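Residue numbers (the numbering used here), protein chains in the order written: chain A, 1 to 318; chain B, 1001 to 1318.
Simulated from the structure, these hints should not be mistaken for laboratory data. Small disclaimer: the values here were computed from a predicted structure and weren't measured. Yeah, the Cβ is synthetic: ideal placement off N, Cα and C, and Gly gets one too. Since no wrong hints were added, every one of them can be taken at face value.
A few chain B positions that, by computed beta-carbon distances, are all more than 12 Å from chain A:
| hint | residue |
| --- | --- |
| 1 | R1006 |
| 2 | A1014 |
| 3 | K1069 |
| 4 | D1192 |
| 5 | T1205 |
Per the computed footprint, the stretches of chain B lying under chain A, defined by three or more beta-carbons under 8 Å from a beta-carbon of chain A, are:
| hint | segment |
| --- | --- |
| 6 | 1034 to 1042 |
| 7 | 1259 to 1267 |
| 8 | 1271 to 1281 |
| 9 | 1288 to 1295 |
| 10 | 1299 to 1308 |
What follows is the residue order along each chain.
There are 2 protein chains.
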Amino acid sequence: MDLMDRFRQGDRRALARLITHVENGTPVGRAAMRELYGATGRGRSIGVTGPPGTGKSTLVDQLASVFRKEGLRIAIVCVDPSSPFTGGAILADRVRMRHLQDDPEVFIRSMASRGALGGLSRATGSVLKVLDAFGFDVILLETVGVGQGEVEVVREAETCLVIEVPGLGDGIQAIKAGILEIGHVFVVNKSDNPGADRVAEQILTMLSLNPVPPPWQPPVVQTVATKGAGVEDLARQVRRHWEHLDAQNLRREHLGRRRIADLAEILKCRALGAASQRVLSRPEYSELRRKVELGQMDPYEAADRLLPFDGIEEWRLP
Amino acid sequence: MDLMDRFRQGDRRALARLITHVENGTPVGRAAMRELYGATGRGRSIGVTGPPGTGKSTLVDQLASVFRKEGLRIAIVCVDPSSPFTGGAILADRVRMRHLQDDPEVFIRSMASRGALGGLSRATGSVLKVLDAFGFDVILLETVGVGQGEVEVVREAETCLVIEVPGLGDGIQAIKAGILEIGHVFVVNKSDNPGADRVAEQILTMLSLNPVPPPWQPPVVQTVATKGAGVEDLARQVRRHWEHLDAQNLRREHLGRRRIADLAEILKCRALGAASQRVLSRPEYSELRRKVELGQMDPYEAADRLLPFDGIEEWRLP
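Using the sequences provided together with the hints, build the complete structure.
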């Protein structure tokens, strides 16, 4: 029986293999994405981000446990965009809760950025689709660290949780201001430590500075993930966000935007594939490349010979 | 007199305007890049990265001051890839040393990531070329924060300094392991604080774990940037790296690789420009786009109609 058949029958090993194909962009993975596409758009995705040491993994596990009790099927994807060289060594250190690891309705997967950053968020988007098509109700997407890499990865999700903790220092807080805009629910974890109320207030203050009040007012939830405290409240706020998305037709809009972005991405990949095929087929390519390398010809002149084009040299599809 | 003429005569306001053109990818900026290309490859670029709070700006200023005393013309570019939303508000807070700001042979510029990350490192590479062509001997490229964004930006430089300080905690150190591979010179700044020797030792230990010893053994320099202590030693190590690059022909190789990367980038932009032009010219585009948005057609089918291609859908030029 072939991989896709086993995938459709709910075989988790087929799922794991398919994800590897998709991550590596193999022909099998590409064909699968095409085949699966129509079965996506059902599962809810939740992105979780925040600085190292805020207890993201524990919080994700606890949230997964709450959703499991409600009978939902859960996937957890842990993405590490900050480590292009270690190849995700940090991920291996993460210990998930045992009962989740043993639960056949919970699927856990790690991804590390092996190549370019754009590649990772693209791969993450594809993996989310595979998990969605497999039938998971909730897909938790956890990132390591806070930076633009994380922001781009987390944006693949519908609902975004931003985790903070007391005591990280104001300098660092200021730098993280950039992620305020992506949070739908804010979590002050380790809130049994001193200063939790102050962090929560700071977040609310920063959110209130937003000149145009968004239709969704992000709540701030205090948790102690290691004890499970506040996690049910967090799950409730996540559900509230889902209801908000549905009621305002925002989910449909989100899916529509994603589909258009997918179309653009597919077209771009084809454009690049076709152009490199065309350039490679030119017998003078190696000669021109060598001249450019040695500084004997500027790359613009070489490009003129290999791929003449006098329009606007950028992607500009609305 | 036109912008390029004034640029060639050393007019700094023309330089500043040209950089804006290049950053924004205007037709003037594109034409200028093409015109300037042949005049690049002379100036030395130094990337400086490290976590917030390690004193990067002060160190960059001190290093610039040492090079200025040696008569070199200096440009400082401060890049903030971690803040896609604040639009570089943090950069404005950075106060450079007054004597640098008043020095006509020192040029200071900030860049924030307004769009995609790839866009920022591309723009940074172009800005480095403009500064190089203008005649700066040393271009210091300072980034905010540590993440893949910073890594990609810093890689545009020939020599990379990685700044650490005592007392940031081991958890954070581990996450930063990924940037060990890009450092040519390591700096333990604030080394009058306790634990500086231990941090220096940790770096040396981590470097020694590298299974294949590189031809260049990165030195670790201790500094107290606020007092200027150790900065002349740092400048010496940077010069040693330059000599190493020259002696081993690595600089020529680096420039050759960059030129080939530039050629690929130009070809990619043309491929994308040509493809979007082609897609936009199709009368059925809006109709198909709408169907994809509403989920009535999958994006693969729409792509088949708009840009049929059955080769390998990725850029693959050697």
